[in-house]
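Protein chains: 2
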Amino acid sequence: MPASADKHILKNISGFPEFSPEAQILFNQVIAKIREAYEGCGAIPIETSAVERTSHILAKGGNDKEIYGLHRLQDASDSAAKDYALHFDLTLPLARYVAQNGHRLVFPFKRYQIQPVWRGERAQNKRYRQFYQCDVDVIGDGQLSLLYDAEIPAVIYQIFSSLEIGAFVIRINNRKVLKGILNHFGIQGDAAELEALNIIDDLEKTGLEDVTQRLTALGADPKALSAITGFFSINGPVNAILNELQALDYGETFSQGVTELTTVCTAITAFGVPATAFKIDLSIARGLDYYTGTVYETQLLSNPSIGSICSGGRYDNLAENFSKKRYPGVGISIGLSRLLGELIEKQILTVGPQSIAPVLVTVIDQSKMTHYLALTAQLRTAGIKTEIYLEPKKLKNQLAHANKKGIKIALIAGETEFEHDEILVKDLRQQTQQSIPTGKLVPYIQSLLAI
Amino acid sequence: MPASADKHILKNISGFPEFSPEAQILFNQVIAKIREAYEGCGAIPIETSAVERTSHILAKGGNDKEIYGLHRLQDASDSAAKDYALHFDLTLPLARYVAQNGHRLVFPFKRYQIQPVWRGERAQNKRYRQFYQCDVDVIGDGQLSLLYDAEIPAVIYQIFSSLEIGAFVIRINNRKVLKGILNHFGIQGDAAELEALNIIDDLEKTGLEDVTQRLTALGADPKALSAITGFFSINGPVNAILNELQALDYGETFSQGVTELTTVCTAITAFGVPATAFKIDLSIARGLDYYTGTVYETQLLSNPSIGSICSGGRYDNLAENFSKKRYPGVGISIGLSRLLGELIEKQILTVGPQSIAPVLVTVIDQSKMTHYLALTAQLRTAGIKTEIYLEPKKLKNQLAHANKKGIKIALIAGETEFEHDEILVKDLRQQTQQSIPTGKLVPYIQSLLAI
Chain A
283 MPASADKHIL KNISGFPEFS PEAQILFNQV IAKIREAYEG CGAIPIETSA
333 VERTSHILAK GGNDKEIYGL HRLQDASDSA AKDYALHFDL TLPLARYVAQ
383 NGHRLVFPFK RYQIQPVWRG ERAQNKRYRQ FYQCDVDVIG DGQLSLLYDA
433 EIPAVIYQIF SSLEIGAFVI RINNRKVLKG ILNHFGIQGD AAELEALNII
483 DDLEKTGLED VTQRLTALGA DPKALSAITG FFSINGPVNA ILNELQALDY
533 GETFSQGVTE LTTVCTAITA FGVPATAFKI DLSIARGLDY YTGTVYETQL
583 LSNPSIGSIC SGGRYDNLAE NFSKKRYPGV GISIGLSRLL GELIEKQILT
633 VGPQSIAPVL VTVIDQSKMT HYLALTAQLR TAGIKTEIYL EPKKLKNQLA
683 HANKKGIKIA LIAGETEFEH DEILVKDLRQ QTQQSIPTGK LVPYIQSLLA
733 I
Chain B
283 MPASADKHIL KNISGFPEFS PEAQILFNQV IAKIREAYEG CGAIPIETSA
333 VERTSHILAK GGNDKEIYGL HRLQDASDSA AKDYALHFDL TLPLARYVAQ
383 NGHRLVFPFK RYQIQPVWRG ERAQNKRYRQ FYQCDVDVIG DGQLSLLYDA
433 EIPAVIYQIF SSLEIGAFVI RINNRKVLKG ILNHFGIQGD AAELEALNII
483 DDLEKTGLED VTQRLTALGA DPKALSAITG FFSINGPVNA ILNELQALDY
533 GETFSQGVTE LTTVCTAITA FGVPATAFKI DLSIARGLDY YTGTVYETQL
583 LSNPSIGSIC SGGRYDNLAE NFSKKRYPGV GISIGLSRLL GELIEKQILT
633 VGPQSIAPVL VTVIDQSKMT HYLALTAQLR TAGIKTEIYL EPKKLKNQLA
683 HANKKGIKIA LIAGETEFEH DEILVKDLRQ QTQQSIPTGK LVPYIQSLLA
733 I
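These protein sequence lines map, in sequence, to chains A and B.
Just so we're aligned, residue 283 is where the first sequence starts under our numbering, counting upward by one.
Just so we're aligned, residue 283 is where the second sequence starts under our numbering, counting upward by one.
No distinction is drawn between identical chains; accordingly, a pair holds when it is met within one copy or between any pair of copies.
Under the rule of at most 27 Å between Cα atoms (straight-line distance), these lysine-lysine pairs were calculated in the DSS-like manner:
{"hint": "1", "residue 1": "K607", "residue 2": "K289"}
{"hint": "2", "residue 1": "K667", "residue 2": "K687"}
{"hint": "3", "residue 1": "K315", "residue 2": "K687"}
{"hint": "4", "residue 1": "K293", "residue 2": "K606"}
These aren't lab readings, by the way, just hints derived from the structure by calculation.
Work out the full structure: start from the sequences and follow the hints.
Encoded structure:
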């Protein structure tokens with residue numbers, strides 16, 4: 283791990299990393315860009331409680347080895363707390379929230395949610411036990427147009443373009459296409475299909491031969507080996523892949539998947555996502571999840587080893603464990619804590635200084651303190667983020683403080699300056715300085731900061 | 283509870299309330315203003331893990347009846363998780379963070395932290411078990427100028443002015459003043475002093491007679507009754523109170539407290555806080571906390587029953603349980619979840635519509651879908667938050683959707699409009715509409731939204 287990562291991803295309790303203030307500033311900037319993209323497409327925020335009922339979490343298939351339950355440290359009789367557990371994702375809470383509050387919500391309900399989640403996994407390389415998820419989903423009341431499946435990649439494209447982390451590609455597939463070909467070649471039933479999807483998910487890791495062998499072992503018709511191999515070898519531009527798929531006759535589900543994929547890809551282009559930023563990848567299965575149609579993963583081309591930086595898909599029935607109503611939806615999740623750690627470690631994003639305020643008011647004459655405080659207040663009122671150095675230290679030490687924090691501008695004034703109603707403005711980046719009349723100080727600083 | 287509050291503060295698990303999307307939008311706006319004020323004074327963000335070591339929490343005096351410990355649901359052998367507990371405030375985590383990372387931080391270290399905390403209190407009227415705290419603190423390395431105690435009220439003033447929730451007053455006192463008078467009249471020692479501070483905290487609730495009686499029972503010289511009564515009756519403008527206090531001779535600690543109070547109040551004024559927004563209140567004790575000098579509470583004048591909306595103070599040694607180094611500090615905390623609930627319930631803040639995006643693109647001709655998607659992308663690229671209605675519904679239903687969500691502008695176009703390169707822009711607030719050439723659409727919408 284390069285020194286920069288070690289310096290900014292702090293260690294306290296294993297699996298519960300914390301950031302340095304500099305890295306936290308960067309983290310907040312990234313969150314702001316994600317929020318902007320989510321709100322830009324019309325999503326509204328919700329936050330759910332960190333705690334869900336244990337019974338709900340387990341009913342929805344939560345892995346009880348990874349769920350943190352709560353108990354009061356000293357109150358054995360407190361049975362209520364025993365039914366509380368920390369949420370392990372933001373989808374189950376969304377399902378419960380929509381089922382409970384559906385009558386207050388306007389559908390299609392497009393919500394985003396940016397919160398930490400907890401998974402008590404064995405601490406491994408880069409597996410965090412607490413990490414932020416940044417989710418956006420569109421939920422329909424009874425039905426939801428397939429075109430929302432195309433809006434999601436448009437949002438992904440905006441986020442990762444604005445983050446300036448290099449070229450990326452959104453890889454798109456459709457579960458019905460996979461289910462269709464599996465059924466066609468003899469793999470039937472939920473359990474076998476799920477296992478097959480997990481095998482297909484390994485394609486990039488273990489290779490085509492391994493995958494076809496394992497699918498055959500699972501029940502795929504041995505005579506279909508070359509057809510299956512052919513299918514997973516399909517590659518190329520979106521339209522070429524669609525043409526190849528349209529020529530295959532693997533049954534109704536398969537055809538429906540191909541039609542969906544065609545509609546979605548056409549609409550993604552209409553939404554302005556360039557052809558270089560998305561592709562069809564028939565090996566994307568998202569095996570463990572509850573998806574039923576479109577699925578997405580996103581890969582950073584410079585660092586594919588990071589894995590998918592943003593994943594999601596379409597599901598038929600969000601709240602089946604909580605409501606008799608049918609709520610289909612489509613959405614994605616960004617696991618931001620781990621992603622930011624990787625981006626810092628691989629020096630794709632650079633951590634800046636330990637400051638947000640660009641201006642430091644120094645104090646060189648304690649007897650004029652009210653002047654310094656009033657000057658500080660004047661700048662803050664004008665919207666200029668300003669720190670004032672109130673420890674009784676030499677100017678040299680105060681400027682060293684500013685430099686250590688990466689502060690851009692220091693203001694210096696003593697008796698003479700206050701008498702003449704002017705302030706010495708020192709640009710610490712350029713090592714230049716100029717005396718400015720107090721009345722012109724705000725616009726002068728604003729112009730300096732615009733550079 | 284008025285319907286508005288019931289509608290926006292949703293019920294799930296008792297003590298873990300959630301907001302409606304509309305209330306969450308308001309919550310986020312309030313957070314943004316608090317963040318702006320904190321960053322405006324030069325504070326930088328940190329976030330600590332939700333989890334601390336149980337041993338740390340209990341060492342620092344956490345109330346073990348209120349602390350939620352963690353355990354994996356199915357893993358009795360997992361002893362590690364048994365040492366994890368959810369933090370109950372943000373001060374203990376700050377102390378641990380500063381002790382661990384002090385060598386990487388630039389001092390004075392001014393940090394803010396906005397995160398949920400958890401307290402397993404018995405669910406009572408408006409006591410939440412999960413709630414947001416918004417803290418700002420300045421931490422010194424070995425020493426910290428008293429003038430930072432004056433900067434904190436300047437920040438409080440900015441926050442609550444910008445929230446436009448009516449007149450408020452920051453009530454300021456100094457623990458040394460209280461300790462001085464207690465010692466002078468016979469109440470000595472940490473335990474007795476702490477008890478006396480809790481009694482003084484009750485002054486507003488139980489009245490002066492009750493407080494003086496209880497202080498006498500605790501060991502205060504019965505002959506001092508009238509002096510104590512006189513002291514707690516001191517009231518008036520800041521300078522009048524300071525003059526009265528300066529005339530009293532209750533020993534060295536008392537005098538030091540009065541000197542500190544004088545310095546702090548002078549600097550608060552220099553920071554631009556108007557005289558109407560702060561006062562000295564000798565009954566403010568903040569008994570349960572670890573404060574050693576200045577203490578603050580803030581009261582909303584229209585609704586004093588809400589209690590203090592922002593409290594804090596100066597402490598001598600932040601990290602005494604974690605470090606041999608001395609870190610004095612001063613800071614405040616805003617318990618935002620409960621505060622926002624109160625402000626909504628008392629209709630001091632009004633919850634807005636269930637939308638952030640001001641524009642809805644309607645779809646009236648499915649065969650022109652790529653046009654609608656491109657139009658949407660064009661607006662989003664220009665920074666206009668835009669929703670597109672993709673369900674195949676009648677225009678009437680689409681406009682009803684916009685109205686239910688409080689969306690301001692609907693765009694309508696069919697074959698004719700696309701042929702003529704123009705869009706019908708409908709202002710849903712004014713019920714007016716106008717055809718605008720596509721090339722002028724962005725500036726036209728921007729000008730409409732500026733109204």
